[in-house]
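Protein chains: 2
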Amino acid sequence: MRTIKLIIEYDGSNYCGWQIQPNGPTIQGELEKAVFALTGNESRVEGSGRTDSGVHALAQVAHFLTDSDMPGEAFSRALNAHLPKDISVRESMEATGDFHARFSALGKVYRYEIENAATRPALDFTRVWWVSWELDENLLNQATLYILGEHDFTSFADAERDGGDNIRTVERAEWRREGRRLSFEIEGNGFLYKMVRCLVGTLVEVGRGKISPDEFIEILQKRDRTAAGPTAPPAGLHLVRVNYPAGM
Amino acid sequence: MRTIKLIIEYDGSNYCGWQIQPNGPTIQGELEKAVFALTGNESRVEGSGRTDSGVHALAQVAHFLTDSDMPGEAFSRALNAHLPKDISVRESMEATGDFHARFSALGKVYRYEIENAATRPALDFTRVWWVSWELDENLLNQATLYILGEHDFTSFADAERDGGDNIRTVERAEWRREGRRLSFEIEGNGFLYKMVRCLVGTLVEVGRGKISPDEFIEILQKRDRTAAGPTAPPAGLHLVRVNYPAGM
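Residue numbers (the working numbering), protein chains in the order written: chain A, 1 to 248; chain B, 1 to 248.
So here's chain A without its partners, still in its complex pose (with noise of 0.2 Å):
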């Protein structure tokens, strides 16, 4: 069986997030039955990690094994046409067998989009969080620089699963401003549970001046979910990019 890599982007707005379920369409039920009308294989495609339901990617990576010898290429259009408007693989290509989208990630980046204004946004609705509160981009970076690094983020992983090691290394994470548009990037070897929307929401609570950056800290080191603020909404997290060793 040989093992094809897919780039994936989509808009998770109309799925009940990335993981087969019972209860309506995934992401990764509609790319296995595109699989299926394509190659007549029946295979698990298996991602670098779920997505929550209405959060969107950019670049998505999943794989899956077939016996099919259409040329590794050629498989991102021949998926499309049995995938709905919002589910596109961008790119294919045959990987090598010790490949697993999961298993051989190094590391993750998100994006977390905002519109900061009086008025909510018309066009893009589904793809942000409107903050009417007025944010200071400068707070929210000067909080920001304290998750750098590696530490124990209990504080921002949802309480619902996990258990066992909650020690992440975030490698680069910033605000940046574009008129009402407030986008915020964040690199790293992995993330919790809701991480990214836990991180967000207290964020944004610095950033409106609820609190300050020094009790920033002081929620990161309680390592205690209840200490952070609310999370954000699904809608406006990206997952941007999977990091894989050179060469996979």
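Below, simulated DMTMM-like cross-link-like pairs (lysine to aspartate or glutamate); rule was C-alpha separation at most 25 Å, straight line: (1) A:Lys85 <-> B:Glu134; (2) A:Lys85 <-> B:Asp124; (3) B:Lys85 <-> A:Glu134; (4) A:Lys85 <-> B:Asp52; (5) B:Lys85 <-> A:Asp124; (6) A:Lys85 <-> B:Glu178; (7) B:Lys85 <-> A:Glu178; (8) A:Lys33 <-> B:Asp124; (9) B:Lys33 <-> A:Asp124; (10) A:Lys85 <-> A:Glu73.
The set of hints was computed from the structure by calculation and includes no laboratory data.
Please build the complex by placing chain B on the supplied structure of chain A, with the hints as guidance.
Using the frame of chain A, we list chain B on its own:
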């Protein structure tokens, strides 16, 4: 009666264009319903011009008359409470009685977005034209220079409407590439029906090498719609700004 000026953002995907018509929902229709719900006034909401079905606006301008005593700035959020999620009044203000969204307008800026890639986009698929031919932005910009200034744009006017004066002035027109995204911005004192989409459709023929920039000049000079290329689809088109005299 007071004149209220509105700056409106909308995603045109789910509407039969700006102008009220019997066959389906329109942006103007939704706005008039919202004005009535808020003020009780059966006012006409007069736009700076029509946009076709599927065309979007970042800042369409409109005005209406009302006897409400609400502060001008308060209309935006108050109207938004009565509008669907894909239409938003981003700003509102009281205007002088001589302000008219259409007759006072001095010009407009449009942007047309192309996703130039081998595979189709999934995010934003209602907001771009997917063009998989390789487009050369130097050729695009070379031909675009010829439309700057005052010209008879009959070749790029939709044959169905118009008649009369097809002379317009293009003050600025330029293509920019950012990765897979090609975006065309054009500013002028007025635009014929479907003029931007006709221009884009023909310029894309230049960009893919089917028409030379010299042949493009000939098409312009012919003043004959049948000489030009196909009309680009509505999804990529965005009304970006309407220009008014200072203080309006």
